[in-house]
Amino acid sequence: MLADQNNWSSFLYNLDKNGKIPHAILLISNYPNLLDSKINEFLEIFEHKYEIFLYDIFDKNLSKQEFLEDINKLYFSTFADSQSKIFILKNIEKTHISLLNSLLKILEDPPKSTYFLLIAKSQNLVIPTIVSRCQVFWFTEFDRQKDLKKKLDQWKKTPYNSIYAKIFSNFETAITSIAKISENDLVKFESLFNNLAKKKFEFLIFLNNILTKENALILVKMLVFYSKSIFLNKPKKNSKNSKKETFMPENFKKITKVMQSSHKFLTTLDQNENFNVQKSAFLVRLNIIL
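Residue numbers (full-length UniProt numbering): 1 to 290.
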């Protein structure tokens, strides 16, 4: 059975309500942190009711023989008749053929009270015979952003959380970076950027005053985000509001160069160089571009 993220919440709700689990569930996403979050949501319902077995195929310490033995034990009544079990297999697309054969055998005729939660980056990397025996859920970039924004809102409600969810890949990096800058500075940053044509030097002076090695990641990522928004909000021909735009289409090359310089600056942050020199060079480039 095929499903998507829109059904995931209702799927979990029904699982919690009636306790009936499909024998095999497959979660697919290219975002490992998002998949881990979905695993945790699943376990919140069942970890106190079921015996959990977690295997990561990428784990170098994982004994393939031990895994096979645990799988094969499911055929023996002394093991199968005990507490209900959930086997979680991460990176299933990397599973060795010998493990897949054993897994397929189980999925074709699953023991009573034994369930499988399979995790993969792409359905194309999972053999069709596995997919056909699972209830499948896909999670996209939009789902990743939605999941991160939810966590950020629970941590600290702010109008910038929707932006943070777009520019950061995980919760830990986001909250660490957010703590390095005040929301008042972000408000002023946004205001100056939106009036960049008239307040270029004020914007550059402001950046020079507040930009530090600690807050460079969030500030420059915000700069890239607002620059991208110009392309997304490109005025249409004959638009009544087109004259009100700060940046007209002929200036998009400047914004492209701003984003390129910003990305280049971010790549140098982890290098053992003098940050003040890096910062000065970056601001000089912005001054020339703008």
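These are calculated hints, taken from the structure and not from any lab test.
All values derive from a computational prediction rather than experimental measurement.
Treat the hints with care, as some may be off.
[As the list claims (entries may be wrong)] Here are the simulated lysine-lysine pairs, BS3-like style, with alpha carbons at most 30 Å apart:
| id | residue 1 | residue 2 |
| --- | --- | --- |
| 1 | LYS198 | LYS221 |
| 2 | LYS20 | LYS156 |
| 3 | LYS200 | LYS121 |
| 4 | LYS199 | LYS188 |
| 5 | LYS180 | LYS112 |
Now the hints, each set against the structure:
1. LYS198 <-> LYS221: With Cα atoms ~22 Å apart, LYS198 and LYS221 stay inside 30 Å; holds.
2. LYS20 <-> LYS156: 35 Å, violated
3. LYS200 <-> LYS121: Answer violated: LYS200 to LYS121 is near 44 Å, above 30 Å.
4. LYS199 <-> LYS188: 12 Å, holds
5. LYS180 <-> LYS112: 52 Å, violated
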